[in-house]
Each structure stands twice: as structure tokens, then as C-alpha cells.
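Required output: the full structure, derived from the provided sequences and hints.
Protein chains: 4
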Amino acid sequence: MTGGGATPPPGWGEIAHLGHVELLTNRFEESLDFFTRVYGLKVSLQEPDCAYLRAWDDYEFHSLKLTRHHTTGVGHIGYRAASPEALEARAEAIAAAGHKVLGWDEGDAGHGRAFRFEDPFGHVFEIYFDTRRAEPAPEDRPALKNMASRFHAQGACPRRIDHLNLLASDVSVFRNFMQDCLGARVTEMIQLDNGRIGGCWFTINNKTYDLACTEEQGGGTARLHHVTYATDQREDILRAADIFLENGVHIETGPHKHAIQGTFFLYAWEPAGNRVELANAGARLILAPDHAPVVWTEAERRKGQAWGLKTIETFHTHGTPPVEQR
Amino acid sequence: MTGGGATPPPGWGEIAHLGHVELLTNRFEESLDFFTRVYGLKVSLQEPDCAYLRAWDDYEFHSLKLTRHHTTGVGHIGYRAASPEALEARAEAIAAAGHKVLGWDEGDAGHGRAFRFEDPFGHVFEIYFDTRRAEPAPEDRPALKNMASRFHAQGACPRRIDHLNLLASDVSVFRNFMQDCLGARVTEMIQLDNGRIGGCWFTINNKTYDLACTEEQGGGTARLHHVTYATDQREDILRAADIFLENGVHIETGPHKHAIQGTFFLYAWEPAGNRVELANAGARLILAPDHAPVVWTEAERRKGQAWGLKTIETFHTHGTPPVEQR
Amino acid sequence: MTGGGATPPPGWGEIAHLGHVELLTNRFEESLDFFTRVYGLKVSLQEPDCAYLRAWDDYEFHSLKLTRHHTTGVGHIGYRAASPEALEARAEAIAAAGHKVLGWDEGDAGHGRAFRFEDPFGHVFEIYFDTRRAEPAPEDRPALKNMASRFHAQGACPRRIDHLNLLASDVSVFRNFMQDCLGARVTEMIQLDNGRIGGCWFTINNKTYDLACTEEQGGGTARLHHVTYATDQREDILRAADIFLENGVHIETGPHKHAIQGTFFLYAWEPAGNRVELANAGARLILAPDHAPVVWTEAERRKGQAWGLKTIETFHTHGTPPVEQR
Amino acid sequence: MTGGGATPPPGWGEIAHLGHVELLTNRFEESLDFFTRVYGLKVSLQEPDCAYLRAWDDYEFHSLKLTRHHTTGVGHIGYRAASPEALEARAEAIAAAGHKVLGWDEGDAGHGRAFRFEDPFGHVFEIYFDTRRAEPAPEDRPALKNMASRFHAQGACPRRIDHLNLLASDVSVFRNFMQDCLGARVTEMIQLDNGRIGGCWFTINNKTYDLACTEEQGGGTARLHHVTYATDQREDILRAADIFLENGVHIETGPHKHAIQGTFFLYAWEPAGNRVELANAGARLILAPDHAPVVWTEAERRKGQAWGLKTIETFHTHGTPPVEQR
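Keeping their order, the protein sequence lines are chains A, B, C and D.
Okay, so the first sequence: first residue is 0 according to numbering that gives the first Met the number 0, each after it adds one.
Okay, so the second sequence: first residue is 0 according to numbering that gives the first Met the number 0, each after it adds one.
Okay, so the third sequence: first residue is 0 according to numbering that gives the first Met the number 0, each after it adds one.
Okay, so the fourth sequence: first residue is 0 according to numbering that gives the first Met the number 0, each after it adds one.
Worth flagging that the hints you see were computed from the coordinates, not collected in a lab.
For every residue, glycine included, the Cβ atom is placed at its ideal position computed from N, Cα and C.
There could be a bad hint or two in this list.
[To be verified] Computed beta-carbon distance windows for the label pairs:
| hint | chain 1 | residue 1 | chain 2 | residue 2 | range |
| --- | --- | --- | --- | --- | --- |
| 1 | C | R112 | D | E105 | 47 to 55 Å |
| 2 | A | R132 | B | I311 | 30 to 38 Å |
| 3 | A | A136 | C | H315 | 39 to 47 Å |
| 4 | A | T296 | D | A136 | 30 to 38 Å |
| 5 | B | I311 | C | T66 | 38 to 46 Å |
| 6 | D | P137 | C | V294 | 16 to 24 Å |
What follows is the structure, given as C-alpha cells:
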């Protein structure tokens, strides 16, 4: 295990967790059908041009905002601050660090006012504190009061949002952005032979990561690699593979176990082409307050995934939106 | 889901995680054999009268200190602070709050100097920052560098320490202690009809709990209810039940799913009588920074565990040390 | 392991497998809703007073015939013969053995002509060879052609029918019936201290059992203890427990592992009160052609189930129909 | 599902099950270490130049005979007959069908006299009835008397032998051999565009297959593709992948799910190069007495495994012994 001794960046502790991802789709109805019936999220609110979705144990009103659009990819990424004071402190720090500030937004159906800013590669972020909790309909109330909603057992039915993966042409620049803006720490990373960073996995709490950024190899800008929800068990992911198979969903790769982070995974493409993942990390958490990044070399990466699976070509090149589409 | 709006107590964020539990045994050799061969922990260091044990992915040198003693129960409980500064701050706050201070201890083979204090029921706690990391022997190094040690697959082989459960004659007093000393928040609790608190589940990070305290019903003092390690999958626990069965270990109850916290569990007694648990929480975490305690009533508890299992009598009465032993 | 040396009875090999069970319900609509939406069977054909149901990988048109009735329990039990010749041979042997013959029946929507007969306790059996295969609708066709129907993932969604358990006031008499009529062998049994047989588990192929018979302790006649479907994994049963919980289904006992046969189980009552089970036997099969019965004593049974769970009172007394109902 | 109507060949029912495989190794000590410590079989008897191994719930003395040799591959394949009479009948039928008869052998430490014969590609088979049952040492006796031995939990620890896969230059010729000699039926097969049969999966009982034969593409003779043991759960196979990883075992492909037969699989090479598999079929059995072969076309095979994994090159070419070695 790569040693300890690392100190978290300023701002550590001021962001509580990844809240939601806005996903753009140019096949809104098909995507919505996929995310509800097959992937197993629940609709909190449907509007003509967007739907607020949540996993059964997401405590907030939504963790996925699906938006009708002329293209695909990520609309914005929302993180919840740890407190109203932390939100203000972060807003000031972000502005002070010289990152592109979009300013205060009044929020939407899912949460209150939010501070918006942008990374150097065009992805829009927001942080907010005031939120709306999941409001399960009577038939959707859980049998056990410590769950956010009923375990509805529809489709893959993951438990909660887990993380997303963005693409950036310079990961080291993105790393600075994440440290400055979210007080995020790097838990694992890929050090390429050419001196560049191939990928970084960031966390702002005890999760192994909330956001990963890997190097853009398709020439796009502001692109999404994938969005991931967490299942309770690895067996849920094997079962999901059968559900995807029976529903004609394009399984890209998996189920298998990542070498990096050790997560059990399954990747598929939703009808509009956005990549989605189901993942299970077992009981793994980052508990050490001085956790130093685990650094993987190219040679180590060439061994493939944990059990030897070689990474499929599209995994390196496919992002949304496609380069020709934007 | 019981709503939000709760603010964490002062000191929140200053303690990083539960580090280790010292367990006393009057059958040292048998207990050590159980914890290594059957339960599946690894020896970091063995001395004549104690052994430092860790799970395969515990990042510290030890998470269980097994100590030869004339009786059973818990020796002390160690929490790791988030930073050297946080350690000092906590020490001052604990003293200021008027709790029984035992003072600074020089540490042991597993960690550096520690601040020791005691709860009103006689359990000894310590907080420390300087720690010793797991030092896997060459044959015990993991294939993947992001794991603390090799997945050795011996016995039940849980991944990491999870929590412990203490007994106290007044849980509300214990709750104050946890809030004052560790900045802990209550994630779930039992409200008895007589106005007393039947149990509290405490966390100091994103885990659903690191420590639970339930009402002492056997007349003992400073007693332990159980110590728990986390497995990656529920299936690991079913497999552990077979391992316990084949090794003549007393399975007290389970496998089943707790209503409180929703954890899948298995309880057994190690040779000296200390109760140990294996648990799996799936992907459940407490991410909301304003998580309010989920409060269970007696009527709700009477329904039994999640799937209806009634709590076995010894679960209410057996603690260590036995009342007659101390 | 109890030794070998046993020879299968005459007729062994002439019966291929348990085909279907007719279950009576005095709450037809509620039972049908349970078996389809919650338990996860598929409707092959629905008529005003009965429904033909199958699990997703049952190869025949139905494995459960749900029939509207003034009471509950089992209507009849259907076994498929190994060939037309075997069917005739069995019919002759049954008549010759002096068991109560009900004669040839023309069959129903699920299979062709069947030979009907009755055990000494009033349960009606039939054997048939001509059968109707599952006819999945276009949207229900499987992605993989070696499966009978699509894995639809609705409810508990077991793979196939597994077995049923009848009650009889004299299990040794029932054993003779099974040997004479079906050429069945006993794989495991309970020998009571009073010299009676407490239960017998019968197979006519490599399954560990297709039918169990346990001693009637409620004073009823021709009663059913339970009907069981097989899941692919134990994890499916843990998941089913959550589905039952969320749907208000009465979970009687489990999930746990049987000592007898080693099956992982979950028992629930469908809305009309018939007990249903979900079970997983892992990779266990009876392959030895000279397998001798494993005989369990009362003392051994007192240890409870495999991991120590004590058998719940209703499990001994509840059968369908209730004694007062018939 | 490909329909019914097929009649089993003469001799069906006379062979009970696959009993054992003799595996040759030119790294005897390393292979033995692998099969016991890592793969998780138990030694029934060790002699200077061979070891008799069994899985924990194999009821016979051995299911794998590991033999020191100058090369690798399969020594012989043993099937147990259903009765002494069936053994004689099969011996006569095999001779009458004109296959190469090697004659009666006195047996070895694991079973009594056996009738030996050879397929047209040089693989040696034997059938026997008199067998020696597993004789667990006192410390290896199971807690539950219906298991053959104690669940020892060492290594991957599969439950029982499942099947083997041979290579033949003409699968249709091999098919005739299996039907003539073992009364085996084909449950699934690959029909190549060139009119040849690419592979056949054979059963002689309710298992989906005991033996597969695929087309030799490496130019060898009498070669083995792999030997497989069955695990109770898919999760056992995921766990085994970690055990293989930690022990430096070459994982060739998997874990994944086969399209053919739907089995969850993991392939690895033992130290001498023989391919071994761990597999889980869930609750799938062939129960229909008139099951017709499921026929897969080349076009269907090009879709890869069930969830899309492409077959790795060595899977087509690697067999034992290597062509250059024999």
C-alpha cells in the first residue's frame, strides 16, 4: 500500500458529497425508459423536457436530472456542501483561486440556490446546501424507516448514486481544479511514462471516489465518460448484466473487477449513447485521514483489470457527446 | 426517512475513524486460534501476553489487540484523530467537558502517543494520530497495490474493522459522552416507552456507525456487547456461517438482516465468550451532512429484525465479562 | 456421510421429473397477483377460474396451476414420465400395487392424457408424458436460445419449480406409496425416537428431492405443507426477502440453511395462506446410483437448522387447508 | 428454446455420472500444491507418483487423479455405471459397436474393476461400478452428516467435480462414440457454416453436461481442453478469481457467463499448463426426458459470451499436452 503522510487540501470537509448529475439526451423518451424500467431509478418529477430521477436509497429528491437536448453528455454536476457556511466559504475560495465563475443560480425543483463554476475543459459544476429530500409516494414508502424509499426491485435497482467520470485533455490541470474548488483529495492516479497524468480519482469524504477524470483521447471537449450508481452486492451486477442482455442494452465491458480502486463493474450505453456503470466497492472506504495517492504506472496498467481483462478499445475513445455531434 | 436539519456536534470532523479495540480473553491461545484461523485476521505482532491483529485491508498495524487477562470484555477502544491538531483540540475539549481523563499514554506497538479517557460506565477510550501502518511480510503483500495486505482467504476473512457495541446502564448519558468527546452524531436510536433510550448508533464519518451503545440489562459494568468486522459481500457471511459451523463455533443468531441500520449480520461467541459479529452494510453510507437520527419505537422493534427474526434471549443478556466474573 | 449400497426401487428411471402442482386458493385474484408480481412467475394462460403459471426457465407450459376454490391446499401433483412406454408401465404398476386408482384423465391446457391415482392420505397424483412446451410471447423470448423464456426479473423471479412438501399422518405408509408408484428413492429421512418416521425426502432423478413428506401434526387430511421454486443463487433469496418485506408478505421463517438437504431457504405465506418457499441447493445433486438414505435422529434435529435457527411453531402446525376449513 | 421430441440413445440410464479424471503433470509438486492449497481439493491418498484428490462434497474417494508424467493432459476419464448389470451391458455394447477396447482393468486405490476403451482420438475412458467412498479423517468429518466431508474452506474450495472438455479433430465422430459407448445425449452443440460440428455438450443424467468436446484447432491428438469443478454460488467464483490473483495463477478468461449452457465460469492454468475451470450453473438442469439439442450457429457464436465477452485466442488453441511436447 502506498504510504500515508498526505494532508488533505484546504477546503477538505466543506463539501459533503456528490449530489446529482445532469445528463443530456437526444433520445429523451428512450433514455427515460431505460433509466426507469431497466436501470431501475425512480421518477421524482417529470417535466416536458426533463426528469428528476433517484435511486431507491438516495436521500435527496434527485441524483440524476435527465434533460432533453440536441446532443448528449453532461449538463452539470452538483455537489452538496457540508453546511451553509461551508457553501459560502467554498464560493469565495473558488472565486479567489481564479477559476471560471458562473455565479449564483436559484436552483431547480431538486435544490435551492447554487454556486456555479466551470472547469478549464468546459464542464459545469455547482455546489448547494439547501436541498429537497426524497418524497416517496405512499405506495413507494419503505417498510423500514431508515431507507429513503421502498426497495422497488425494478430493473437493476442500484442503491444510490456513486460517482461520475469526466474527460479532460490535461488531467493535472483538472486535478488542481478539484483541489482548489472542492477541497478534493486524490485517492488513486495513473502516472504515464510521458510524464502526464492518465487519470485521477477524487474524493471529498470517505468514499473511495466521487469523481474520476481520465485523459480525453477522442479530441472532444467537456465530455463525459460515464455516470455510476452503486449496488449493494456484486451479485446485483451479475443480475443486471442479464437484465441488460434481455433488454437489448449494449454491454460495453464487464462484469469484472477494476485494478484501480478494486471496484466490481459493468459498463453499458444507454439509448442515447451515454455510458453508465453499475459498481460495487464492497466494504472498501478511505478512512485514513492522511491517505496518500496510490500511483499506478503504465506497466502496471498493461496487466489489464484485476483479473486480467484487457480494456476494450471503445472504453478509451467513446465519450459523450461524440466529437462530431457537438 | 426521518428528516434532515440536524447539525453535527462541535468536534465533528476531528476524529477520523475507529482504529482498534483491545479485547480481553481468559483463554488467550484459543481466542488467538479463533481470530486467526477461523475469523480470519492476520497477526501483525505476537507478544507473550498479547497479539496485534488486523483484517487484510485494515491499513493500520492492528485493529484488534487481543490481551491475556483473568477475565473477558474490552480493554480499551482507540480512535484515530484527523490530524495532530485535531488530536490536541479533542484532548482539550474532553478535559473541558468534565469527563474522566486518564491522561496521555505513550502508545504501544501499534501507534504513538494517545490521550486516554473514560466513559461514565468504565469503558476506556483513547485517541491518537501517529500510527503504524500495516507491514505485510513479503508473502503477504497484495497483488494490487491499493490493498493494505494480501487477500489471504483464511477463514471468514473480513475486510476491515467495522464497529463495536458497548453496554451502558444509561444510554442517554453515554450519548452525551460520545458527542462531547468524539464529536459523534447519532444516526439511529431506540426510544423506549418508558422515556429511556434503548440504544444509540454513533458515527464520526460517513459510515453508518462505528460504535453502538445499548442498555445494559445484565447488571454488569463497563461491558462489551460485541466487536464487528465488515465483509465485502453478504455471501461472505453465509460462507462464514458454514466455517463457524464446521469449527464448532457457537453461532448465537443470524445470518439475518437488522431492521436498525439494515446491516446483514452474523453473531458468534469466540472461545472466551466475547461476542463477535460479521456484518455487511451493502452500499449504505450516511452522506447527508444534516442527517437526523432515525428513531425506532418499542412497537417497531417488536416486529423483530428486518425479515421477522425474533431477537434471541442471550442477545439481551450476554455481555462480557459475565457479571459473576469481574 | 451415510454409506452407499442402496438399490433404487423398481420403476426407477420411469418418471422424469416433477411437472406441476395445482394449488387451490380462496383468494384467487390476490394469490394470482402475488405469484406473478411478487413471487415472479409468468402467466401462460389465464381462465376465469384458473391460471397456468411457469417460472422463466420451466420448459413446460406450466408448473403451477392456480385454481379458484372454496378452500386452499393442493389440487393435484403432476409428474412427467420418461417416455410413453414408461407411462404405461407405471400405470400398470400402480394398479398392481393396489393403490387407489382414479384412472386416465384427458389432461388440460398444459399436457395430454394423464393417469391419476391417490395416496392413502387423499392427495391426488397424476403422471403424463405428452406435454405442452412453454410458448413465450414475442416480447418474452429469451436473448439466449437455451433458456425457456426471457429472464424477466419481475419479483423474486425463481428459475424453475423445485419440489413440494405434503403432510401425512403416517410417513412410512406414504414412503411405500412413493416407492411403489413413482419408483422414488429416499435421499434423507427423520427417524423419531418413538419408531415413527418424522419425514422423508424423495427423488426420482438427480435432484436431491422433488417431494418431501412430513408428519401431519395438525390433524388435517390431504394437506399441503409448501410448494418450492429454485433460485440460481442464495443472494436471490436474500433479495426476495426484501421484496416480500416491501410487499407486506408474511415471512414465516428464513432466510437460513436447512440441516436436512443443506438447502438455503425462505418461507412465506401467499395471500390465501398456502406456504411457499424459495430454495437454493447450490451445486448439490444426488449422483451416486446407490445412495443410501441419510437418517437424522431426533437428537440431531434438536440442534435446529444448519446454523442453529430453531424451527418456528407454525412450521409444525400450519398446513393448507386449515383443519377447520375443509 | 429448441423443442423437444428427442429420444435418448440406447444405453441411456446405464451410466450414472462422471467419476474422475486422471490429469498428467510434468510439475507434479507444483500442480499438487495448486490443486490443494489454491484450487481447494483434498488429498485422499498420496503416492510417490500420483495423488488421489476430491472436492469436499464428492462422495467418492477421488474425482481427480494427479499423475506425475513427462507431459501434461488427460490420462483417462472414469464414469461410474448405474449398477453392476449396467456395467456389463455397457461393456458388451461398446465392444459390439466396434470401438477400440482396452479391456478390463483391476482398478486402483479409488475404485474396483473397470472396463477400458478408447475414443478415435486417443482419449482413454473407463467405466466401473465398485467404488470407494470418501473416508474423511476425523478432523475432516462434516458437521452435517449429509455432506461427504467437511467444508474446509481452503482455497477456491469447489463442491464437486463437474465436467471435462476434450479436443477432437472430428466432433461428429466423437459424438457417435459418446452415444454408442455411454448412451450420452447431446444437450447443446455448435453447427459450423462449413457443415462440421464445432462442439458438443454431452450428458448422461440431469446435469446440463458432464463432458464437452470441441474441435481441435492446434493440431494435437488426444488433448484436453479443461477440467471443471462446480461451486455452489457465482460469488465463490469471483472470490476464486481473487485467490488466483493473489497466488500468481494465470487467469486465462472470466469470470463471465457462457452463452452456451449459461454457466458462470472462470478459466485458469495450473502450474503445468492444464486448463482448469470453476463453474456455476445456478439451478439449471436438463429435466425434459425428450430434450432436443440446442443448436448454435456461427453467427450466434460471434456475439461472444452471454454478456459480450469475446473469446480469447488461447482458448481456441491451447490444449494439453502442447503439440510440441508429446
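How the hints compare with the structure:
For R112/C and E105/D, the hinted distance range of 47 to 55 Å is satisfied, since their beta carbons lie about 51 Å from each other. Look at R132/A against I311/B: about 36 Å separates their beta carbons, and that is inside 30 to 38 Å. Look at A136/A against H315/C: about 40 Å separates their beta carbons, and that is inside 39 to 47 Å. For the hinted restraint 30 to 38 Å between T296/A and A136/D, the CB-CB distance of approximately 48 Å leaves it violated.
Against the hinted window of 38 to 46 Å, the Cβ-Cβ separation of I311/B and T66/C comes to about 40 Å, which satisfies the hint. Between P137/D and V294/C the Cβ separation comes to about 21 Å, which falls inside the hinted range of 16 to 24 Å.
Checked against the numbered hints above, the structure breaks only hint 4 and satisfies the rest.
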